[in-house]
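Chemist: If you're matching them up, the sequences are chains A and B in order.
When we follow numbering that gives the first Met the number 0, the leftmost residue of the first sequence carries the number 0, and every step to the right adds one.
When we follow numbering that gives the first Met the number 0, the leftmost residue of the second sequence carries the number 0, and every step to the right adds one.
None of these hints come from the bench; they were simulated from the model.
Note that the structure is a prediction, hence the values are computed from the model and not measured.
Ideal Cβ placement from N, Cα and C applies to all residues, glycine included.
Check before you lean on any hint, since a few could be wrong.
[Claimed, not checked] Chain B is faced by these chain A residues, among others (derived, beta-carbon under 10 Å): (1) Arg106; (2) Pro419; (3) Arg492; (4) Asp536; (5) Asp544.
Number of protein chains: 2
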Amino acid sequence: MLLLRRCYSLTRCGRVNTQRLQLTPVVASCAARLWSSSSGEDQRSYQHIHRLRWRHAVAGLLAGTGAVLAYGLHHHQAEQSESSEVQIVEKTSALPVFTQEEVTSHRSLEDGVWVTYKGGVYDITEFVAMHPGGDKILLAAGGALEPFWALYAVHNHEHVLEILSEYKVGELSAEDQKKQQTVKSSDPYSTDPERHPVLRINSLKPFNAEPPPEILSDNYITPSAIFFKRNHLPVPQVDPDSYLLQVEGLPKGTLALSLEELKTQFPKHTITATLQCAGNRRSEMNRVKQVKGLNWGIAAISNATWTGARLRDVLIAAGYSQGVAEWARHVQFEGLDKDVTGTTYGASIPLNKAISEEGDVILAYEMNGEAIPADHGFPVRVVVPGTVGARNVKWLGKIVVSAEESSSHWQQNDYKGFSPGTDWDTVDFKSAPAIQELPIQSAITMPADGAVVDRSAEEVTVKGYAWSGGGREVVRVDVSVDGGKTWQVAQLRSSDKGQAPEPSPAPGRAWAWKLWEVTVPLPSEAEELEIVCKAVDNSYNMQPDTVPPIWNLRGVLSNAWHRVKVKIREDECEE
Amino acid sequence: MLLLRRCYSLTRCGRVNTQRLQLTPVVASCAARLWSSSSGEDQRSYQHIHRLRWRHAVAGLLAGTGAVLAYGLHHHQAEQSESSEVQIVEKTSALPVFTQEEVTSHRSLEDGVWVTYKGGVYDITEFVAMHPGGDKILLAAGGALEPFWALYAVHNHEHVLEILSEYKVGELSAEDQKKQQTVKSSDPYSTDPERHPVLRINSLKPFNAEPPPEILSDNYITPSAIFFKRNHLPVPQVDPDSYLLQVEGLPKGTLALSLEELKTQFPKHTITATLQCAGNRRSEMNRVKQVKGLNWGIAAISNATWTGARLRDVLIAAGYSQGVAEWARHVQFEGLDKDVTGTTYGASIPLNKAISEEGDVILAYEMNGEAIPADHGFPVRVVVPGTVGARNVKWLGKIVVSAEESSSHWQQNDYKGFSPGTDWDTVDFKSAPAIQELPIQSAITMPADGAVVDRSAEEVTVKGYAWSGGGREVVRVDVSVDGGKTWQVAQLRSSDKGQAPEPSPAPGRAWAWKLWEVTVPLPSEAEELEIVCKAVDNSYNMQPDTVPPIWNLRGVLSNAWHRVKVKIREDECEE
Numbered sequence: 000m001l002l003l004r005r006c007y008s009l010t011r012c013g014r015v016n017t018q019r020l021q022l023t024p025v026v027a028s029c030a031a032r033l034w035s036s037s038s039g040e041d042q043r044s045y046q047h048i049h050r051l052r053w054r055h056a057v058a059g060l061l062a063g064t065g066a067v068l069a070y071g072l073h074h075h076q077a078e079q080s081e082s083s084e085v086q087i088v089e090k091t092s093a094l095p096v097f098t099q100e101e102v103t104s105h106r107s108l109e110d111g112v113w114v115t116y117k118g119g120v121y122d123i124t125e126f127v128a129m130h131p132g133g134d135k136i137l138l139a140a141g142g143a144l145e146p147f148w149a150l151y152a153v154h155n156h157e158h159v160l161e162i163l164s165e166y167k168v169g170e171l172s173a174e175d176q177k178k179q180q181t182v183k184s185s186d187p188y189s190t191d192p193e194r195h196p197v198l199r200i201n202s203l204k205p206f207n208a209e210p211p212p213e214i215l216s217d218n219y220i221t222p223s224a225i226f227f228k229r230n231h232l233p234v235p236q237v238d239p240d241s242y243l244l245q246v247e248g249l250p251k252g253t254l255a256l257s258l259e260e261l262k263t264q265f266p267k268h269t270i271t272a273t274l275q276c277a278g279n280r281r282s283e284m285n286r287v288k289q290v291k292g293l294n295w296g297i298a299a300i301s302n303a304t305w306t307g308a309r310l311r312d313v314l315i316a317a318g319y320s321q322g323v324a325e326w327a328r329h330v331q332f333e334g335l336d337k338d339v340t341g342t343t344y345g346a347s348i349p350l351n352k353a354i355s356e357e358g359d360v361i362l363a364y365e366m367n368g369e370a371i372p373a374d375h376g377f378p379v380r381v382v383v384p385g386t387v388g389a390r391n392v393k394w395l396g397k398i399v400v401s402a403e404e405s406s407s408h409w410q411q412n413d414y415k416g417f418s419p420g421t422d423w424d425t426v427d428f429k430s431a432p433a434i435q436e437l438p439i440q441s442a443i444t445m446p447a448d449g450a451v452v453d454r455s456a457e458e459v460t461v462k463g464y465a466w467s468g469g470g471r472e473v474v475r476v477d478v479s480v481d482g483g484k485t486w487q488v489a490q491l492r493s494s495d496k497g498q499a500p501e502p503s504p505a506p507g508r509a510w511a512w513k514l515w516e517v518t519v520p521l522p523s524e525a526e527e528l529e530i531v532c533k534a535v536d537n538s539y540n541m542q543p544d545t546v547p548p549i550w551n552l553r554g555v556l557s558n559a560w561h562r563v564k565v566k567i568r569e570d571e572c573e574e
Numbered sequence: 000m001l002l003l004r005r006c007y008s009l010t011r012c013g014r015v016n017t018q019r020l021q022l023t024p025v026v027a028s029c030a031a032r033l034w035s036s037s038s039g040e041d042q043r044s045y046q047h048i049h050r051l052r053w054r055h056a057v058a059g060l061l062a063g064t065g066a067v068l069a070y071g072l073h074h075h076q077a078e079q080s081e082s083s084e085v086q087i088v089e090k091t092s093a094l095p096v097f098t099q100e101e102v103t104s105h106r107s108l109e110d111g112v113w114v115t116y117k118g119g120v121y122d123i124t125e126f127v128a129m130h131p132g133g134d135k136i137l138l139a140a141g142g143a144l145e146p147f148w149a150l151y152a153v154h155n156h157e158h159v160l161e162i163l164s165e166y167k168v169g170e171l172s173a174e175d176q177k178k179q180q181t182v183k184s185s186d187p188y189s190t191d192p193e194r195h196p197v198l199r200i201n202s203l204k205p206f207n208a209e210p211p212p213e214i215l216s217d218n219y220i221t222p223s224a225i226f227f228k229r230n231h232l233p234v235p236q237v238d239p240d241s242y243l244l245q246v247e248g249l250p251k252g253t254l255a256l257s258l259e260e261l262k263t264q265f266p267k268h269t270i271t272a273t274l275q276c277a278g279n280r281r282s283e284m285n286r287v288k289q290v291k292g293l294n295w296g297i298a299a300i301s302n303a304t305w306t307g308a309r310l311r312d313v314l315i316a317a318g319y320s321q322g323v324a325e326w327a328r329h330v331q332f333e334g335l336d337k338d339v340t341g342t343t344y345g346a347s348i349p350l351n352k353a354i355s356e357e358g359d360v361i362l363a364y365e366m367n368g369e370a371i372p373a374d375h376g377f378p379v380r381v382v383v384p385g386t387v388g389a390r391n392v393k394w395l396g397k398i399v400v401s402a403e404e405s406s407s408h409w410q411q412n413d414y415k416g417f418s419p420g421t422d423w424d425t426v427d428f429k430s431a432p433a434i435q436e437l438p439i440q441s442a443i444t445m446p447a448d449g450a451v452v453d454r455s456a457e458e459v460t461v462k463g464y465a466w467s468g469g470g471r472e473v474v475r476v477d478v479s480v481d482g483g484k485t486w487q488v489a490q491l492r493s494s495d496k497g498q499a500p501e502p503s504p505a506p507g508r509a510w511a512w513k514l515w516e517v518t519v520p521l522p523s524e525a526e527e528l529e530i531v532c533k534a535v536d537n538s539y540n541m542q543p544d545t546v547p548p549i550w551n552l553r554g555v556l557s558n559a560w561h562r563v564k565v566k567i568r569e570d571e572c573e574e
């Protein structure tokens with residue numbers, strides 16, 4: 000949206016100088032993208048930009064059509080980009096050499112926006128306003144383009160490289176190109192996998208990070224690389240060939256399953272399920288009063304497809320029968336991730352969720368159609384759809400059917416909700432149930448808090464996600480631009496744009512989020528908008544209005560209405 | 000609480016005049032009740048009052064012990080009171096005769112409080128302040144005592160009648176004693192059953208009424224007589240001997256079951272389940288902006304035990320098998336209640352709720368251990384625990400397994416939730432799902448809005464109920480006396496005081512409400528309290544803060560924080 004406004008004022012207000020006129024293909028791309036919203040058309044639309052004259056493009060902008068910027072990445076495969084096969088056309092052959100430090104010092108419109116690509120250094124400051132994907136390009140400022148282009152396959156085309164080549168200003172020093180690979184071997188986190196640089200890191204060791212919100216809602220299925228990461232301990236190195244999953248507590252004694260057995264002896268089951276950290280949106284609680292925990296923004300939530308064996312089938316193979324339900328109440332999970340004392344991560348879920356056909360709990364070995372990445376539990380994690388992330392144990396080593404809940408710290412003395420009046424002196428962890436199903440949630444991913452929209456735009460498009468725990472389907476999202484006085488109903492979707500929607504879930508089995516969007520006219524008098532969203536699930540649960548009454552000392556379950564403030568800038572031409 | 004304060008100031012401030020001193024046994028009863036909280040002790044405590052000297056009673060009051068007034072009725076059986084066997088002792092033999100109109104004109108402390116009992120007229124104005132049950136006695140003002148005493152078996156004792164006899168002022172005219180039986184036979188509602196006069200009537204035809212809130216929370220199991228009544232049509236007259244329940248839509252063809260067959264051919268199953276009208280607390284939405292619907296207060300919710308055959312068992316007997324689940328999605332219910340066109344009441348629920356063992360849906364023929372009363376669906380109603388009242392079809396005539404939801408008005412064009420921005424011009428009933436599970440709910444039953452507490456009391460006891468739909472258990476109720484700035488956690492209970500709590504429900508099968516109570520010190524500076532409650536269920540769903548953002552044109556799903564205002568009266572002695 001912001002970029003649109005910028006394109007608009009550039010053209011309409013006569014600020015397109017001669018230098019920009021030389022860049023007409025790029026300006027045209029800005030418009031071309033406006034009427035291309037299908038991911039399948041990415042290649043064609045980037046070619047299209049060269050066939051369009053920029054005046055046509057401006058006409059499109061003025062008409063205000065297609066206010067949606069489609070980045071075009073809809074699947075993880077895109078990460079395996081083949082951009083390396085595309086040859087970059089060099090504008091000049093003798094350019095200065097820059098250090099990474101020098102590049103990194105250019106990461107704003109004020110200081111200039113520099114990026115690197117395959118050893119080249121590019122000053123793309125002038126291009127930012129024309130980037131079809133809006134100012135998301137700034138996420139790469141001061142660093143390498145490769146990981147972003149890997150996410151957004153639309154860049155993987157000759158024409159894009161031609162445009163980039165015009166901005167080349169130098170070469171990155173050879174030393175800096177190698178530097179990034181260095182790791183300390185004594186560090187228990189030294190074997191943690193590489194992560195995508197777009198992630199916003201809340202904690203490096205253990206690794207906890209979330210994607211920028213505006214990228215999150217670009218994809219109905221979150222690419223694994225930007226799926227939020229929430230590790231409690233170092234990522235364990237698991238050899239898939241010697242991996243054995245232990246199943247204990249059932250009449251037949253311990254069952255040990257190899258990865259191969261898990262894959263071949265049980266029906267393969269795929270679900271699309273959203274996982275959310277109990278601490279998602281904790282930062283809003285921190286603004287009320289400091290809580291303990293990672294300062295998550297609104298993106299500790301993501302949606303993926305998960306494939307594996309049903310836990311139910313594995314428990315039955317291990318000897319589960321009706322008789323077990325007479326004494327057993329819980330199914331415990333132990334991870335292979337350990338702290339320095341050898342204590343593993345652990346959690347449990349109620350037996351009825353684990354054993355129910357409708358519960359859809361799976362022992363997943365695939366995420367988004369590929370082997371589960373190291374950060375997400377390779378080779379096997381449990382996926383408990385509708386249930387807080389903390390019970391979806393990764394690097395699963397052991398399953399225990401038991402009368403009692405897991406005795407782990409995370410089940411007993413963490414991940415529980417308390418009254419706002421409860422503090423660390425008065426808290427009794429035994430008094431609250433372990434979080435399992437999560438309450439109704441929604442948040443605004445665009446525009447960002449503090450963004451500016453131009454008055455001439457006349458309207459603002461608001462986007463976000465909504466989800467509820469326990470398989471309850473989101474049935475409505477209300478959006479307000481006046482702080483909650485008046486409301487409009489957003490349009491919901493269960494797939495990426497232009498793709499067939501996922502089939503309607505069975506009652507109680509709506510495990511995946513919905514993305515939503517609404518375009519609202521700018522109120523004529525307002526100088527600032529307070530944009531608010533709230534979702535409703537099919538049990539008609541609603542989000543609470545404000546944060547303080549749900550504040551709790553661990554900062555979990557933060558699901559009050561999400562609010563962002565946006566300034567309206569009067570059109571500069573009319574000043 | 001209010002009565003306690005009154006007792007307290009009567010004694011402490013020296014306002015006990017000689018007339019009152021003659022009534023010491025009654026004052027003593029006020030205190031005696033304070034340390035009697037078990038229903039089993041009702042008889043003894045009413046005897047006890049004659050053995051206690053009133054000074055002892057005052058000492059008990061000053062000590063502030065046992066601030067709970069137990070009315071002592073905990074079960075419907077109490078309604079079958081044997082008070083008629085008790086002979087009233089007449090103080091005088093020749094007293095004036097009054098008409099019902101004259102009696103009815105005395106229904107306040109200002110005009111005097113008159114009641115009738117077995118043809119006698121009593122001026123109990125002086126007694127009101129000393130009534131052990133507090134000012135609930137005013138509910139009977141201007142009318143007959145019998146139905147109230149039937150509810151509260153504690154009155155069914157000689158000593159109570161002795162006290163009453165002292166207040167006799169006359170006889171009720173013979174004509175007025177007969178008048179109440181007259182009904183118009185042409186009226187389709189003429190055969191509607193008699194109702195308890197304590198009910199607050201929202202609509203007479205069809206009959207819709209709720210109990211006074213302070214009585215509602217006196218009983219964990221709501222006596223059937225005061226269980227809220229929500230009829231859409233006249234109560235049908237059903238002959239239990241010729242009654243046949245039709246079950247259609249299954250491979251074996253139509254199954255017709257007599258009441259006797261339903262009772263004897265299927266296992267008898269009992270559940271304790273709370274039913275709530277979708278419109279409960281609608282009056283709070285009306286205060287924001289007028290909605291369509293009955294102006295329910297906070298008591299269109301009640302809790303009972305229900306006994307009957309499992310719907311699941313009946314469907315299986317009628318030919319249900321896994322194959323049916325391939326095409327069927329819903330189970331429809333038709334009532335025997337009809338409008339003038341012959342259209343019956345109807346509704347449906349999802350098949351998976353109907354067929355699940357954990358769904359606990361029953362075809363109930365008993366309520367609170369007795370045949371279901373006419374107003375509640377005699378001889379058979381469906382009880383769908385965790386689901387909105389409207390789907391718990393009464394006077395059940397037909398069950399249909401189907402691919403589609405019920406086509407009834409109440410399923411399609413009513414009982415759905417909409418955004419606050421949706422009005423009667425823009426509403427599209429197809430856009431919202433029929434309400435099934437209800438969201439988290441709680442309300443304050445005591446003190447009442449506008450009540451007054453004395454500063455000398457130093458504290459206020461707040462009571463209420465909390466419940467959530469879908470079998471989600473209430474795990475916490477937060478109470479604030481400063482409008483929501485600070486919160487205290489209330490004590491929850493799942494039974495009447497002094498009785499063993501109901502066993503903990505299995506996960507997802509918490510069908511019954513919790514009653515709650517908390518005693519909070521009076522803030523030293525406050526002149527008025529804004530008392531607020533909010534509940535949390537075990538999916539950690541919370542109630543929204545305010546009414547306007549959940550307002551909807553039908554006024555359903557009103558579950559914002561409940562708020563009552565209470566004035567603090569500075570102690571009169573200290574003036």
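Chemist: Each hint needs a verdict: does it hold in this structure or not?
Modeler: Structure-based check of each hint:
no., hint, result
1, Arg106, "violated, 40 Å"
2, Pro419, "holds, 5 Å"
3, Arg492, "violated, 15 Å"
4, Asp536, "holds, 9 Å"
5, Asp544, "holds, 4 Å"
Checked against the numbered hints listed earlier, the structure breaks hints 1 and 3; every other hint is satisfied.
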